[in-house]
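S.K.: Here is how the chains run, residue by residue.
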Amino acid sequence: MADQPTPLERFIRGILPENPVYRQLLGLCPTLAVTNSMKAAITMAAAVAFVLLCANTVTSLIRNLLKPHLRIVVFTLTIATFVTIADRMLAAYMYQMSKTLGPYIPLIIVNCLIICRCEVCASKQPVFTAISDATGQSLGYGLALASVAGVREILGTGMFFGFRVLPATWPDWAVMVLPPGAFITLGLLLGAVNWYSGRGAK
Amino acid sequence: MAETEKDPAEMKNRFQNNYILQAWLCISLALIFGISLAAVQAALGPVIIENKLNETKEKVPELLLGTEAAEKMAAANQAFKITPRSIVVEKNGIQKFYSVFEARFEGGRLGGWVTKVDGQGYADKIELLMGLDPSIETITGLFILDQKETPGLGNKIIEVVWRGQFAGKSTGDQLKVVKGGAKAANEIDAVTGATISSDSVVAIINKTINDLRQPLMDAGRTQKE
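Protein sequences appear in the order of chains A and B.
Under our numbering, residues 1 to 202 are what the first sequence spells out, in order.
Under our numbering, residues 203 to 427 are what the second sequence spells out, in order.
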């Protein structure tokens, strides 16, 4: 256990050093798909955080009962359940948002980020560590989604969270709202993060 | 004697390797999760249905009169009086229930019908609203209520550009999907790269008109008398 990271380390690592999007390149499908507005990105990040937290907690609680060759089945079962709950909650209380996000909420089931945390951390660590790991990773994921969405929304529509931040004369870059804008933004931000950490290493 | 000594160990081995026993955790988790999901659905299902119903009622003026006239109507502070109805169609001994909304102007004049129907799409069920004029002669509008078609391809069926094609189509002919450039009055342009989604929507519409034309005409007539 000595060389295992402590709960606090797990939490901090999730935010930047092991950021799911910028460092592990996981969960890229929703990162590209739902980040053309801040509101959608934050809702998506919240849904992922809910699923990740619940799945990590349950997995950690039953970790001693897991059979190695059946563990993926159990992970998927757990994740699918919480995703369905999140999906129904959105449809009931945030109906328009659930229509905007469309199939991307059900698709959280196949988000590698969550199954990766279950496998790497929750299935081997006590509950407290699993929870702090899930919180850190969710925050990191939320930050990544928000950074991509912020750039895209401001450049694409001149708005931020639905409020105008750039002057009305700003020529809205429609391409930033469309899928190519997602690739360009993510690519540039990834490059920036890599350049920054590479500079630090020297 | 040796045989009887060996037996318990072998029994134990067999016992441990039994598939069902190995999967006890999966099975019990599936049961627990299943029950919790049923509870969530029981609690949230009615709220979701009501959300859909509210959206349906909001869409009725636009579906029957078109966007401009609907906005004018809203600006004049007028609204349709909407009565939900259930129409039973019996075909080959099977009963099918259609939920239809009867919309009347404030004076009581029939404004048209909006039917809510669903059918299988490419990925999942497609749920749509179709507006029909009072005499069931033309389709007045189409709105996709719920779909999970492929993002970027099939989900283009929700866009006004595509679903706008349906407004003004006659209910007399079966609608037909064509690729690239609809010419005839009953032709609908397919969504590029999503012929199955386009076909599904058109099939749902054709079937609904087929089933509902007569009952709705009868309903309209009896109301008049």
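Read the hints as simulated data drawn from the structure, not as lab findings.
Model, not experiment: these values are computed from the prediction.
Incorrect hints may appear among the rest.
Stated by the list, open to error - DSS-like cross-link-like pairs, simulated, lysine-lysine; straight-line CA separation at most 30 angstroms:
1. B:K214 - B:K350
2. A:K99 - B:K261
3. A:K99 - B:K214
4. B:K378 - A:K67
5. A:K124 - B:K378
6. A:K67 - B:K298
7. B:K298 - A:K124
8. B:K283 - B:K409
9. B:K409 - B:K378
10. A:K67 - B:K371
11. B:K298 - A:K99
12. A:K67 - B:K261
13. A:K99 - B:K283
14. A:K67 - B:K350
S.K.: Out of the numbered hints, which ones does the structure contradict?
M.R.: Structure breaks hints 1, 3, 4, 5, 6, 7, 10, 12 and 14.
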